[in-house]
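Trainee: Take a look at the letters that make up each chain.
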Amino acid sequence: MYLKSALRAATALTVFASTAAFADTITIATVNNGDMIRMQGLTEDFTAKTGHEVEWVTLEENVLRQRVTTDISAKGGQFDIMTIGMYETPIWGKNGWLVPLNDLPADYDVDDILPAMRGGLSHDGTLFAAPFYGESSMIMYRTDLMEKAGLEMPAAPTWDFVADAARQMTDKDNETYGICLRGKAGWGENAAFITAMSNSFGARWFDENWAPQFDSEAWSNTLNFYINLLNDAGPPGASNNGFNENLSLFQQGKCGMWIDATVAASFVTNPNDSTVADKVGFALAPDTGLGKRSNWLWAWALAIPAGTQKEAAAKEFIQWATSKDYIELVAENEGWANVPPGARISLYENANYKDIPFAKMTLESILSADPNNPTVDPVPYVGIQFAAIPEFAGIATQVGQEFSAALAGQQTAEEALAKAQALTADEMEAAGY
Amino acid sequence: MATQHSRSAARIMMAPAVILLLGWMLVPLTMTLYFSFKKYLPLRGGDLGWVGFDNYARFLSSSAFWPSVQATLVIVGGVLAITVILGVFLALLLNQPMWGQGIVRILVIAPFFVMPTVSALVWKNMFMDPVNGLFAHLWKAFGAEPVSWLSEASLQSIILIVSWQWLPFATLILLTAIQSLDSEQLEAAEMDGAPPVARFGYITLPHLSRAITVVVLIQTIFLLSIFAEIFVTTQGSFGTKTLTYLIYQRVLESQNVGLGSAGGVYAIILANIVAIFLMRIVGKNLDA
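Going down the list, the sequences are from chains A and B.
The opening residue of the first sequence carries number 26 in the working numbering; numbering runs sequentially from there.
The opening residue of the second sequence carries number 5 in the working numbering; numbering runs sequentially from there.
Just so you know, the hints here were simulated from the structure itself, not pulled from any lab data.
Where hints are given, some of them may not hold.
Example chain A residues on the side facing chain B (calculated, C-beta under 7 angstroms, incomplete) [said to hold, decoys possible]:
1. N246
2. P260
3. N269
4. A430
As the structure is a prediction and not an experimental result, all values here were calculated from the model.
Glycine is no exception: its CB is placed at the ideal position from the N, C-alpha and C atoms.
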């Protein structure tokens, strides 16, 4: 009798323990961008649906990149999900560091993810990270200042038009600067912007034999144009401004134009944060008529490091956070302008989303970016504002520092390019190219 | 008087702590040495074999090496000069009887309790920003063109930020030293007709020399590895890449552990050279 009830109790306990074991606590590393912060606020919905708890490690972009790179390369195992981008995913996937995401259920609808995003987050056709949001870059401009200058922004402007408009909009006494562009050093900051810009000027990082090309005329044209433009029409101290600094300047009404991530559109048109919310127009990133525009392609995506103990729970989270339902959930809570953009085709077919002023331009920008053929002349690398090789982040940060110093007036564009050429050649030789 | 027994008992009881501390130091040091002779690239498959002194040669021949040593020494020298001179001045001032002395002293010491990253962010965004910063508004109020501090005067700006943080430490140590100065000596000198500058030069300053030595030694140790302020403000651009920052860039940004480790060994050597140099010159004060 006693034995029987003891056995029953034990069975009950085992059943209880095993159900409890299904509910995991997963640790997620993510970037402190607005859309991710919003996701954290909605985590309760995930916990209610699956029983899994979530712990967040939210970091600034540069810090996040270093933390997750160090953790995965040293097999630290601190995180069950990492927020990574198009640069890391193919390299890490190739190294076998990520869990493949090719077994997602049918109702998740992988085919609904924009092909450009799927391509950039895959290696050899296997998806290794699911896009949380995708972005390209475009021009955001002040319609009132444009009108005041007597100009009309074409849907697809040239760099000459942009530079001319920027100089006309500039009114330094009233702290209005015609154009704000990234100048802060870093491979994900100024190097990304200038690399994308250089594509439209016919420049490239490497030729087909991996020889650096900073000694080319196209690079000289790019960098001189960029420096002259910012000196004439940019805000003071532009060499310290990254994405966040420019966002804040634009929201304060101090920039006539800003060429940056399409994701910023929802921040500059949000009346709670932006003083110019109702005066913002959008246009494609400029070109010079050579066939490539200066817009990039990027996705912030969720990936699972290989070797995690909580793979199943992590997969459930990724399905939740990058699903169509999640988009609906955000729209319900925060409005359609604030849903994570650029990842799913169905979003752009949604009648509610079509009214958002920046939706069309965002999609057009994303569709016009081709990471497999990023430049006018052929290149051996994939990626528009980066070259997807492990050495790139380290090299581009140093190159970005030379560009930044040139913008600050500490050296000429030619000196910066000569140094960039030398240090890139050194690093590539050391890496065995 | 300790007996033979109690002495060996003490040794046995101390042993675990000593071993732990030694291990604490030796393990990272040995690993740094080990990796510095390897080609270790985590993103390219990890350990790619022994390379002898290649990493050392490459680190030394890199165009960034000498400028980084120079930047390190300029920052250390600049901060030391500012904190010691202003520290003496502030300590003399705070030693004067005044109304609200307690509050003033706390205010002077306050920067020391602010985290380096926080203070660097505040300086960068609230003071030195050329559009929205306080300095920019001040400059404009006087009709001058705002200065973009962190790019036009980057080293000086960083020295200013770091000095602001370390000044309280220097002041505190020097104030304590001044308070231990025998006031009768000063009074006697005053009665003999010695002017204030002479009293300061012949009595106060020599009395402070030991405290200054302590300040210089301790600050040098911390300043050689200065990092957070540079990371937050310029990220090593505009000639502010110190040796520590260069090593960080090699290991974490370029993901080249071998090369960075070789840099780490150089940094240890540099720190030791500076330490010996300091001990020789100023350390004598401590024996006196």
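Trainee: Now tell me, hint by hint, if it's right for this structure.
Mentor: Verification of the hints:
{"no.": "1", "hint": "N246", "result": "23 angstroms, violated"}
{"no.": "2", "hint": "P260", "result": "6 angstroms, holds"}
{"no.": "3", "hint": "N269", "result": "10 angstroms, violated"}
{"no.": "4", "hint": "A430", "result": "6 angstroms, holds"}
Consistency note: the structure conflicts with the earlier hints numbered 1 and 3.
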